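Protein chains in written order, with the working numbering: chain A, 1 to 151; chain B, 152 to 302.
FYI, nobody ran anything at the bench for these hints, they're computed from the structure. A quick note: this is a predicted structure, and the numbers were derived from the prediction, not measured. Check before you lean on any hint, since a few could be wrong.
Not everything, but these chain B residues come out facing chain A in the computed CB check (under 8 Å) [said to hold, decoys possible]:
id	residue
1	W166
2	E183
3	V272
4	F276
5	L279
6	K298
7	Q300
8	K302
Over the 12 Å line for every Cβ pair with chain B, so calculated as not near, a few chain A residues [to be verified]:
id	residue
9	Q12
10	H36
11	P53
12	R56
13	R58
14	D61
15	H75
16	R79
17	A82
18	G84
19	E89
20	G97
21	V101
22	W107
The beta carbon of each residue, even a glycine, is placed where N, CA and C say it ideally should be.
2 protein chains.
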Amino acid sequence: MADPRWLSPAEQSAWRAHLAAHRLLTHRLDRELQEHGLSFNDYEILVNLSESPERRMRMSDLADATIQSRSRLSHQISRMEAAGLVTRENCEDDRRGTFAVLTGEGWDTIQRVAPDHVAGVRRHFIDLLTPAQVAELEEIYTPVIAKLQGK
Amino acid sequence: MADPRWLSPAEQSAWRAHLAAHRLLTHRLDRELQEHGLSFNDYEILVNLSESPERRMRMSDLADATIQSRSRLSHQISRMEAAGLVTRENCEDDRRGTFAVLTGEGWDTIQRVAPDHVAGVRRHFIDLLTPAQVAELEEIYTPVIAKLQGK
Numbered sequence: 001m002a003d004p005r006w007l008s009p010a011e012q013s014a015w016r017a018h019l020a021a022h023r024l025l026t027h028r029l030d031r032e033l034q035e036h037g038l039s040f041n042d043y044e045i046l047v048n049l050s051e052s053p054e055r056r057m058r059m060s061d062l063a064d065a066t067i068q069s070r071s072r073l074s075h076q077i078s079r080m081e082a083a084g085l086v087t088r089e090n091c092e093d094d095r096r097g098t099f100a101v102l103t104g105e106g107w108d109t110i111q112r113v114a115p116d117h118v119a120g121v122r123r124h125f126i127d128l129l130t131p132a133q134v135a136e137l138e139e140i141y142t143p144v145i146a147k148l149q150g151k
Numbered sequence: 152m153a154d155p156r157w158l159s160p161a162e163q164s165a166w167r168a169h170l171a172a173h174r175l176l177t178h179r180l181d182r183e184l185q186e187h188g189l190s191f192n193d194y195e196i197l198v199n200l201s202e203s204p205e206r207r208m209r210m211s212d213l214a215d216a217t218i219q220s221r222s223r224l225s226h227q228i229s230r231m232e233a234a235g236l237v238t239r240e241n242c243e244d245d246r247r248g249t250f251a252v253l254t255g256e257g258w259d260t261i262q263r264v265a266p267d268h269v270a271g272v273r274r275h276f277i278d279l280l281t282p283a284q285v286a287e288l289e290e291i292y293t294p295v296i297a298k299l300q301g302k
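Same shape as in the complex, but just chain A:
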């Protein structure tokens, strides 16, 4: 077998910087959201539902949108259901499964929490970037995402 193509120092720095930045960012944002009684995962689910027609999504679509397994999402939705943020609904006409639906309380929660959360995303990340770097990030990650999703 050929020698492995190890990462160059620059490549290793980039890869480790991506990992460290992601972990530090999501830890911090998670901690800030906990002051509102939410986790970072809760917040992402609330955002997805709040942006969907009728504030509802098929569970399988929500799992795809938040990039997690169906079983992990199901546990997550159970916790959020117990907290009154979402409900599950079965669609009679549609055997393809269950929907997660944002409750009134879930909607109020995302409205109340979003300004603080967005301020955190700005303070810890976006506002440290130039507009060119913002554009570059999307350009870097779009092909990575497409390839991993098999597109």
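With the hints as your guide, set chain B onto chain A.
Coordinates of chain B only, in the frame set by chain A:
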């Protein structure tokens, strides 16, 4: 209170691309490592220990290096200890705590698994980037990391 400064469409795309790319990447790499009986977290710990003098690190330093809580790391190390990859050692001269030490089996494991893992990091991420983009990623994330670490 002033209106929140919502993210612009470009900022939102960049932020969501970062999150999606990270999640897809680590899921894929985790799945590939599972063929070798390791998780992505296991791998990171093995790398850190293998690069340290005497292949050992104080638990608190290892928690900092892998950006996780001391209690989460402790559970993780217990699982890896059961798998024979690391051991815990108390230093008699040093009351500041316990060390995690790579075993011979842990060293053999990282040597065996690293070529495959690096090939995955290249295939799914690094080889899709130009050298300029590699440099740009480090430039983007370094201030983000420094600020979150309070440096």
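Checked hints:
1. At about 6 Å, the closest approach between the beta carbon of W166(B) and any beta carbon in chain A falls short of 8 Å, and the interface hint on this residue holds.
2. Residue-level restraint check for E183(B) is violated (minimum Cβ-Cβ distance to chain A is 12 Å; threshold 8 Å).
3. With 8 Å as the threshold, the beta carbon of V272(B) comes within range of chain A, its nearest partner Cβ sitting at about 6 Å, so the hint holds.
4. Interface restraint check for F276(B): the shortest CB-CB distance to chain A comes to about 6 Å, inside 8 Å, so the restraint holds.
5. About 5 Å separates the beta-carbon of L279(B) from the nearest beta-carbon of chain A, less than 8 Å, and the hint is met.
6. The criterion of a C-beta within 8 Å of any C-beta in chain A is met by K298(B), whose closest approach is roughly 7 Å, and the hint holds.
7. Annotation: Q300(B) was flagged as interfacial toward chain A, and the flag holds, the nearest CB pair being 7 Å apart, inside 8 Å.
8. Because the closest C-beta pair between K302(B) and chain A is about 11 Å apart, greater than 8 Å, the hint is violated.
9. Under the 12 Å C-beta cut-off, the non-interface status given to Q12(A) relative to chain B is violated; the minimum distance is some 9 Å.
10. Distance to chain B confirms H36(A) as a non-interface residue, since its nearest Cβ pair spans about 14 Å, more than 12 Å.
11. Here P53(A) stays apart from chain B, with its beta-carbon at least about 19 Å from theirs, past the 12 Å limit.
12. Distance to chain B confirms R56(A) as a non-interface residue, since its nearest Cβ pair spans about 21 Å, more than 12 Å.
13. With a least beta-carbon separation of about 19 Å from chain B, R58(A) lies farther than 12 Å from that chain, consistent with its non-interface assignment.
14. The claim that D61(A) lies off the interface holds: its Cβ sits roughly 15 Å from the closest Cβ of chain B, which is beyond the 12 Å cut-off.
15. Every C-beta of chain B lies more than 12 Å from that of H75(A), the closest at about 17 Å, which supports listing it as non-interface.
16. With a minimum CB-CB distance of about 19 Å to chain B, R79(A) clears the 12 Å threshold, and the non-interface call stands.
17. Annotated as non-interface, A82(A) keeps its C-beta farther than 12 Å from every C-beta of chain B; the closest such distance is 24 Å.
18. Every Cβ of chain B is farther than 12 Å from the Cβ of G84(A); the closest lies at roughly 24 Å, confirming the non-interface assignment.
19. At roughly 27 Å, the least C-beta separation between E89(A) and chain B is larger than 12 Å, which holds for a residue marked as non-interface.
20. No beta-carbon of chain B is positioned within 12 Å of the beta-carbon of G97(A); the least distance is around 22 Å.
21. Every CB of chain B is more than 12 Å from the CB of V101(A) (nearest about 23 Å), matching its label as outside the interface.
22. With 12 Å as the threshold on Cβ separation, the claim that W107(A) sits away from chain B holds: the shortest Cβ distance comes to roughly 17 Å.
In summary, the structure is inconsistent with hints 2, 8, 9 from the numbered list given earlier, while agreeing with the others.
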